[in-house]
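Asker: Taking the hints into account, I'd like the entire structure generated from these sequences.
Number of protein chains: 2
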Amino acid sequence: MFRFFHAPLSPFCRKVRLVLSEKKIEFELIEEKYWEKREDFLTLNPFGQVPVLQNSEITLAESSAICEYLNEKFPDPKLLPNNIEDRAEMRRLVSWFDDKFNREVTQKLVYERITKKIIGEGYPEAKNVKLGMHNIKFHMDYMSSLLEYRQWLAGNEMTLADFAAAAHFSVLDYSRDVDWDRSNLVKDWYAKIKSRPAFRSLLADHLAGFPQPPHYADLDF
Amino acid sequence: MFRFFHAPLSPFCRKVRLVLSEKKIEFELIEEKYWEKREDFLTLNPFGQVPVLQNSEITLAESSAICEYLNEKFPDPKLLPNNIEDRAEMRRLVSWFDDKFNREVTQKLVYERITKKIIGEGYPEAKNVKLGMHNIKFHMDYMSSLLEYRQWLAGNEMTLADFAAAAHFSVLDYSRDVDWDRSNLVKDWYAKIKSRPAFRSLLADHLAGFPQPPHYADLDF
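Protein chains in written order, with our numbering: chain S, 752 to 972; chain H, 752 to 972.
Do not take every clue at face value.
Intra- or inter-copy, both count: the list cannot distinguish identical chains.
[What the hints assert, rightly or not] Straight-line Cα separation of at most 25 Å, BS3-like style, residue types lysine-lysine; simulated pairs: (1) Lys824 - Lys775; (2) Lys888 - Lys788; (3) Lys867 - Lys851; (4) Lys824 - Lys938.
Note that these hints are calculated values from the structure, not bench results. Just so it is clear, the structure is predicted and the values come from calculations on it, not from any experiment.
Answerer: Right, dumping it as structure tokens:
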């Protein structure tokens, strides 16, 4: 069985948890306080980051590498489009959420408001929070423009791009940073992915000191 | 024929140029001053970043998505290992260079010393440069530990991981930030990849105001 080392509010860990659950792969969830740089954990991953997925045969790090591995090793259900061009569009969006969106939005809101306190780095910087709140609007509008002519973010099938994006939105929803009234298309897309069984474990996460907002686990938010 | 929009010192663009050349794919190289946010370029890529690869059928953005696309569409020579586990290791290293190494080293040295001046953002911050010079040592030691028991970074075949890493080292070599005496293994690895025909176009790059260091294009550096 796999052991999955994670942090509850990491969007990268959440993306992998969604993929594992969607593929019905059994795993043991282990919370890793990565900022404490535990020696045994550094042996697993010299860079000290979560997520790490491990079994008796292999140790995997970096969320994109893990997701591609899971898709190749456990192809059912497949979370990649069938054709090469659509896969490129999907990977563009995965990079976009995990790189650009993460930097411009998730880091500026969830990291500032919650993670900093957990890892002992102090209080949120107002300047960053303000920027994050500004940036998320632009990103939601862009998603909305995609969803106008697609059922899912990368096309008409649910793919890794949806899991990457939903992982970010789930932590932003926890920190109460999503204005769901901004776009019905984005809200409907999130409601659709949130109601999947794979999402249940994310909705059950409770962080000491940071209560879930009332709508967080509600499928009719 | 493909049109490739790039910036000469972007390691992400250089990685794609290496893959295109290694696969002998013809392309027209177009220098894009992405910071000027040219309207036609924003239509191609709403996020305004290079690299962008385009032909009459498709427009591709994000360097990892482009490289995976090129590997799927033009499988010869393949730049991916044969087995799933080795591919995961390769993708871990690609993410590592393009994410961690980029943040800790390339951004702190090449961006500070050269890019900032080109895009009109002023002078290098001494604090960042110092950090970058400190971090590159740790990263070279890690590469050295991999190369002790592997011919290439991800195993015994040359893969995308080598191109990702070499792209970063080529721009750091341009900014004179690599101490090649630190590791013979890293130096030999770089000499091996630098001597490939695919590398020639990178070695011919000249930036106005930033002359090439004497050893930059020398295959026996």
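Asker: Hints the structure violates: just list their numbers, smallest first.
Answerer: Violated hint: only 4; rest satisfied.
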